[in-house]
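Q: Sequence:
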Amino acid sequence: GSVHSVDIPMAQLALIAFAALIAASAAAPQFLAHAPVAVAHAPVAVAAEEYDPHPQYSFSYSVNDAVTGDNKGQTETRDGDVVQGSYSLVEPDGSRRVVEYTADSVNGFNAVVHKEAAVAHAPVAVAHAPVAYLH
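Residue numbering for the sequence shown is -27 to -1, 1 to 108, as defined by mature numbering (1 follows the signal peptide of the UniProt record, and there is no 0).
Heads up, some of the hints might be wrong.
Unchecked claim - Within a straight-line C-alpha distance of at most 20 Å, the following computed SDA-like cross-link-like pairs (lysine to any residue) qualify: (1) Lys45 - Lys88; (2) Lys88 - Val63; (3) Lys88 - Tyr74; (4) Lys45 - Tyr74; (5) Lys88 - Ser59; (6) Lys45 - Val85.
What the hints assert, rightly or not - Pairwise CB distance ranges (calculated): (7) Phe32 - Asp77: 16 to 22 Å; (8) Ala39 - Lys88: 18 to 24 Å; (9) Arg70 - Thr50: 18 to 24 Å; (10) Asp25 - His87: 29 to 35 Å; (11) Ala15 - Ala(-14): 54 to 60 Å; (12) His27 - Pro65: 39 to 45 Å; (13) Ala15 - Gly46: 44 to 50 Å; (14) Ala21 - Lys45: 55 to 61 Å; (15) Asp77 - Lys45: 23 to 29 Å; (16) Asp66 - Val17: 24 to 30 Å; (17) Lys88 - Tyr24: 37 to 43 Å.
These aren't lab readings, by the way, just hints derived from the structure by calculation. Quick reminder that beta carbons are idealized off the backbone N, C-alpha and C, glycines included.
Please put together the full structure from these sequences, using the hints given.
A: What follows is the structure in structure tokens.
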């Protein structure tokens, strides 16, 4: 017998080796099994919420900030399932929007919007001092 030598360029040899590796890994049996994980949750303490069958509250607030022009307010009262209230604010045009609302389990939420005309402010008179020109 004779021995033959074959010259294979390095790039082709690398490609053949890579293809053989892919073929071998595809032919090998795949076992993907995970060990079971035991999960136990600690008990959660839940505080029993108090239920008020006839809730009642009242609140009101107002803002009148001359620096920012923020001028608004709200008042609201709840007696059981009936809520009544109103809020107001000054619009950018100077008018006041007033919203009166009621809400209950029979009629749902209802609001009536009123718009009050802007309050006219007296113009401020500005007098400039005369300027003397020297020639």
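Q: Would you mind marking each hint as holding or not holding in the structure?
A: Do the hints match the structure? See the list:
| no. | hint | in the structure |
| --- | --- | --- |
| 1 | Lys45 - Lys88 | holds, 14 Å |
| 2 | Lys88 - Val63 | holds, 10 Å |
| 3 | Lys88 - Tyr74 | holds, 15 Å |
| 4 | Lys45 - Tyr74 | holds, 16 Å |
| 5 | Lys88 - Ser59 | holds, 13 Å |
| 6 | Lys45 - Val85 | holds, 17 Å |
| 7 | Phe32 - Asp77: 16 to 22 Å | holds, 18 Å |
| 8 | Ala39 - Lys88: 18 to 24 Å | holds, 22 Å |
| 9 | Arg70 - Thr50: 18 to 24 Å | holds, 21 Å |
| 10 | Asp25 - His87: 29 to 35 Å | holds, 33 Å |
| 11 | Ala15 - Ala(-14): 54 to 60 Å | holds, 56 Å |
| 12 | His27 - Pro65: 39 to 45 Å | holds, 41 Å |
| 13 | Ala15 - Gly46: 44 to 50 Å | holds, 48 Å |
| 14 | Ala21 - Lys45: 55 to 61 Å | violated, 39 Å |
| 15 | Asp77 - Lys45: 23 to 29 Å | holds, 25 Å |
| 16 | Asp66 - Val17: 24 to 30 Å | violated, 54 Å |
| 17 | Lys88 - Tyr24: 37 to 43 Å | holds, 41 Å |
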